[in-house]
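A.B. asks: Protein sequences appear in the order of chains A and B.
Take any residue in the first sequence, count from 1 to its spot, add 641: that is its number in our numbering.
Take any residue in the second sequence, count from 1 to its spot, add 20: that is its number in our numbering.
Please note that a few of the clues may not be correct.
[Said to hold, decoys possible] Stretch-level coverage of chain A by chain B, calculated; a stretch enters the list once three of its residues show a Cβ under 8 Å from a Cβ in chain B:
id, region
1, 660-669
2, 727-739
[Said to hold, decoys possible] A few chain A residues that don't get close to chain B, going by computed Cβ distances all over 12 Å:
id, residue
3, Phe652
4, Ser673
5, Thr676
6, Ile691
7, Leu695
8, Asn698
9, Glu701
10, Arg717
11, Ala745
12, Leu748
13, Arg750
[Unchecked claim] A few chain B residues that face chain A, going by a derived Cβ cut-off under 7 Å, partial list only:
id, residue
14, Tyr50
15, Glu53
16, Asp60
17, Trp62
18, His66
19, Gly81
20, Ile82
21, Ala295
22, Val395
23, Ala398
24, Thr402
No lab work stands behind these hints, which were simulated from the structure alone.
If you're wondering where the values come from, they're calculated on a predicted model, not measured in any experiment.
Note that the Cβ used here is the ideal one computed from N, Cα and C, for glycine as well.
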Amino acid sequence: MRPFTLSRDTFHILVALADRDRHGYSIMQEVSERTGGEIRLSPSTLYSAIKRLLEQNFIEELEERPDPEHDDERRRYYRLTKAGRRAAMEEARHLEKLLSDARASGLVRKRA
Amino acid sequence: MPHNAKSQSAVLRLYQPFLWLYPAEFRDEYRRELCLAFLDRWRDEHSIAGSLFVWFHAIFGILYQAPREHYYMILHDLRYALRILRKDLPVTTAAILILALGIGSTTLVFSLANGLLLRPLPYPQPERIIAVTESSPKDPNETTQISFPNYYDIRARARLLDDIGVYAPGQSALRGEGSAERIPGARASDGVFRVLGVEPLLGRVISREDDVASGPKVVLLSEELWQRRYGRDPHVLGRTLQIDDSRWTVIGVMPASFHFPDRAELWFPLQMDPAKAPRTDYALRAIARLKPGVSIEQATSELESLLEQIHRENPAVNNNWVAHAIPIREFVAGSYSKAVITLLVAVALLLLIACANVCNLLLVKASARVREIAVRTALGATRRRLLRQLVTESLVLGLAGGALGVLLAYAGIPALLSLIPVDLPLWMNFYPDYRVLGFAVGISLLTTLGFGIVPAFGAFHTDLADSLKEGGRGGTSSLRSKLLRQGLVIGEVALSVILLAGAGLMIHSFSALRMQNLGYRPENVLTVSIDYPENRYPDGQPARALLRRLTEEVSSLPGVVSISFGSGIPLSDGWGRIFTVEGHPVDLKDMTFINHVVVTPGYFRTLSIPLLQGRDFTDDDFDSPRIVIVSEAFGKKHWPGESPIGKRMRFGPPKNNEPWHTVVGVVADSKYGQYKGADRDSVYLPYNSEITPGALLVRTSGDPLLLQQALRARVVGLDPDIVVSRVLSLEQIIARVSWQDRFLTVLFTAFAALALLLAAVGLYATISYSVSLSTHEIGIRMALGASVSRVRAMILRQGMTLATAGLLIGIVVAFALARLLKTQLYEVSPNDPATYIAVPIVLVLVAALAAFLPARRATRVDPVVALRHE
């Protein structure tokens with residue numbers, strides 16, 4: 642039994658924050674690009690998820706601006722915490738295991 | 021699509037209102053972020069379809085997420101509330117118990133009100149059913165009935181009534197196939213069944229063809245009777261049954277849900293002759309169904325004018341009586357409604373006390389939480405957030421108290437029913453239904469507002485820096501809270517004084533009612549209804565011989581002191597008649613009623629009614645029936661200053677030819693027809709051939725109920741066709757006729773006792789808390805040499821000041837409100853001095869105890885420990 646489960650949207654948000662700190666719209670864009678437009682978060686979905694992630698200490702809001710040149714000072718930036726990173730990695734491992742199980746059973750074609 | 025500044029602000033103006041769907045905290049936190057993200061997203065789309073999709077996506081997202089945010093927040097608040105409540109388990113438990121008592125009592129009384137006044141009667145469109153009554157213009161209570169000829173004429177002429185029916189409840193002896201049994205029933209006209217709109221389970225109901233003078237002898241059975249005696253035999257229709265003295269053919273079975281009137285199980289056609297029935301003999305009850313859309317007022321005015329018309333056509337019997345249309349609910353339950361409303365008011369006061377009490381507990385707790393709240397405020401919690409949190413805590417308490425209260429009410433109903441010694445109509449069901457549950461939820465929420473809001477707001481009237489500095493010990497900020505707490509205690513005491521005064525009046529009134537001089541000694545008297553087959557014992561010699569045999573049989577039982585037969589049992593059966601005194605003819609309009617009582621010799625001895633003048637009846641009077649014995653008041657009223665002996669009177673309206681009766685004796689007044697309030701005068705006749713004496717009265721040397729079995733065996737041994745029923749002691753009958761007063765008194769007293777207990781708890785808690793705050797001061801005083809008694813006196817004085825303030829307010833308000841109880845009181849003035857002396861004494865004693873306990877504890881504190889408390 643895993644200690645927690647991440648919803649699909651939440652996982653995408655954590656992944657989006659994995660390489661750098663981002664503000665809300667940047668997360669929305671990143672998720673959309675990464676999934677080829679398949680997953681588009683609405684602002685409300687995004688901020689509800691952010692609120693939960695903040696409460697769980699998976700992300701934190703930044704005091705200082707990460708990128709002074711492109712900074713929009715009205716915006717809040719978020720960063721993945723250690724716990725968040727662990728949770729995302731755990732989730733990724735789990736998905737990997739799931740995928741390899743699916744391959745082993747022949748459900749999904751093996752990689753060439 | 022151009023995205024200039026103007027269009028952007030227009031888009032935001034459209035988008036922002038949707039954010040109101042979010043909880044305020046979320047909105048405050050993320051409004052700007054949501055708007056910016058939405059604007060960015062909107063700017064990135066350049067096609068109309070794209071823009072539309074962005075809008076749709078955003079709005080859909082809000083509609084989906086906003087309720088979830090509310091849910092998360094409620095969940096969070098609930099968790100926090102439960103944690104806080106668990107932390108202070110004693111206070112939480114006390115609050116829930118107090119609320120459960122308050123809400124439970126209120127719900128219990130509301131169940132009563134629901135059963136009596138709200139639950140729909142089991143007939144189609146019951147709001148269209150009315151009772152039709154006639155009453156004397158001088159005394160509207162004189163009758164609730166109607167005479168047959170008047171009903172007959174109203175039926176023919178009324179245009180606003182769909183139908184009208186009359187009935188007379190009665191008891192019938194069912195014989196044959198098993199033991200003889202006395203069964204409640206009614207003679208009813210055909211209209212009764214159409215008015216009530218109830219279909220038979222089998223066969224048909226009484227028709228107009230059945231309901232004619234000397235019509236067919238047909239009968240309807242109840243489903244229970246059909247099951248009990250005939251094993252649900254489908255061939256019961258057409259069977260003939262031996263009921264009373266004739267054979268009756270079964271034409272139908274009524275469904276188990278049909279009980280009218282009261283608990284009737286047999287229905288016969290009325291079969292009265294309009295030409296023969298006297299117009300002033302108000303022996304029937306009438307119900308009618310209004311045509312759709314007709315109001316009570318319209319029906320009343322039509323009935324009034326019809327009755328006036330009937331009077332004009334029959335001047336000889338015109339007594340100016342007036343007709344009334346009364347909604348059926350009021351007719352059957354009206355007598356209870358005042359008592360129920362009185363109880364609702366009483367229990368509402370109790371609930372208020374419970375609220376004040378819990379409010380007080382929470383205030384004490386709130387003072388202790390000042391620091392917690394200050395810390396949370398300092399950490400950025402908004403006022404709204406904190407308020408919401410505190411209200412959630414109150415809601416949890418309120419709903420938990422409410423749930424427990426409903427359970428208490430449910431459990432209390434059997435206890436309540438045990439206070440009712442009579443058979444209530446079966447449609448009166450007091451078990452909670454959706455109305456009661458809805459009421460309980462509503463009252464719990466209302467209660468929550470009552471006790472939760474004040475402490476919640478009080479929590480903010482604190483200076484942040486102050487509370488942090490003082491380490492949560494209160495201080496300047498607690499002055500307001502202290503005053504509020506003291507105000508609440510004063511209010512609680514005042515409310516409990518009002519209830520105590522009400523209970524005091526009720527108790528005094530009830531004891532006056534039960535101590536009243538009935539004119540006879542009700543102890544050790546057994547009353548029995550006897551039905552013998554009149555065809556085998558016809559009036560005259562055979563019936564007389566039977567009575568003599570029965571007298572011999574019963575008299576020989578051990579413990580029997582004397583026995584007598586009568587036409588009715590005191591306080592249970594009554595027959596009112598109008599009369600004329602020789603030489604003093606009175607107009608029909610001014611005639612009054614007397615109790616017409618037929619007795620066998622020994623009646624006055626059996627009941628211990630003193631004979632004041634003349635003589636008692638003797639066995640020889642069987643042959644001289646034209647004599648009467650009158651009650652003392654009757655004699656004084658009609659022959660003032662003279663002896664009634666030898667004077668003459670007769671029954672019925674002034675212009676008729678009933679024979680004169682000569683007065684041979686005068687007996688003391690006694691309560692025959694009415695237990696509470698003024699009774700009619702009584703005129704006693706010796707048993708003659710006209711009226712069957714169906715009541716047996718037995719005076720015993722010991723407990724009369726011990727005689728039941730032997731008496732029954734003796735009578736049935738004589739003739740198994742004689743039905744013995746309604747075997748009750750006269751004291752049981754008194755308990756039955758006074759049950760409403762007892763019921764009201766018991767409940768009122770219970771509520772007052774609870775109120776007193778809650779007020780005492782409130783006083784105790786307040787004094788205890790203030791003692792705990794001043795432990796330090798007490799320590800110093802005692803270290804400086806203050807004596808134990810002085811410190812105790814100081815604390816006691818604190819408590820007594822509050823109690824006295826509440827007492828004074830309560831007494832003044834009670835004095836003003838007591839008038840509302842007037843109609844419920846028997847021979848006790850609402851300003852009854854005894855009550856207003858007793859209540860303060862009780863209150864002061866209880867308050868002294870409540871204040872003494874904390875005082876004693878305070879002085880037991882070791883000064884060293886108290887000082888170290890610093």
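A.B. asks: Tell me if the interface restraint on Glu53/B is satisfied: Cβ within less than 7 Å of some Cβ in chain A.
C.D. replies: 5 Å, holds
A.B. asks: Minimum Cβ distance from Tyr50/B to chain A below 7 Å?
C.D. replies: Cβ of Tyr50/B sits 5 Å from chain A, so the hint holds.
A.B. asks: Count the residues of the region 727-739 of chain A with a beta-carbon closer than 8 Å to any beta-carbon of chain B: does the count reach three?
C.D. replies: violated (count 0)
A.B. asks: Far enough from chain B: is every CB of that chain over 12 Å from the CB of Ser673/A?
C.D. replies: Given a closest Cβ separation of 9 Å, the condition is violated.
A.B. asks: Taking the closest pair, is the beta carbon of Phe652/A still more than 12 Å from chain B?
C.D. replies: Fine: 18 Å to the nearest Cβ keeps Phe652/A off the interface.
A.B. asks: Checking the smallest CB distance to chain B, is Leu748/A really beyond 12 Å?
C.D. replies: 31 Å, holds
A.B. asks: Return the status of the interface hint for Trp62/B: holds when the least beta-carbon distance to chain A is below 7 Å, violated otherwise.
C.D. replies: 10 Å, violated
A.B. asks: Min Cβ distance, His66/B to chain A: is it shorter than 7 Å?
C.D. replies: 15 Å, violated
A.B. asks: Just double-check Asn698/A for me: nearest Cβ-Cβ distance to chain B has to come out over 12 Å.
C.D. replies: Since the minimum Cβ distance to chain B is about 16 Å, Asn698/A lies beyond 12 Å and the statement holds.
A.B. asks: With a cut-off of 7 Å, does the beta carbon of Asp60/B approach a beta carbon of chain A closely enough for the hint to hold?
C.D. replies: Status holds, d = 4 Å.
A.B. asks: Is the Cβ of Ala745/A farther than 12 Å from every Cβ of chain B?
C.D. replies: 37 Å, holds
A.B. asks: Per the stated criterion, does the least C-beta distance between Arg750/A and chain B lie above 12 Å, as a non-interface residue requires?
C.D. replies: 34 Å, holds
Hint compliance for this structure: hints 2, 4, 6, 7, 10, 17, 18, 21, 22, 23 and 24 are broken, all remaining hints hold.
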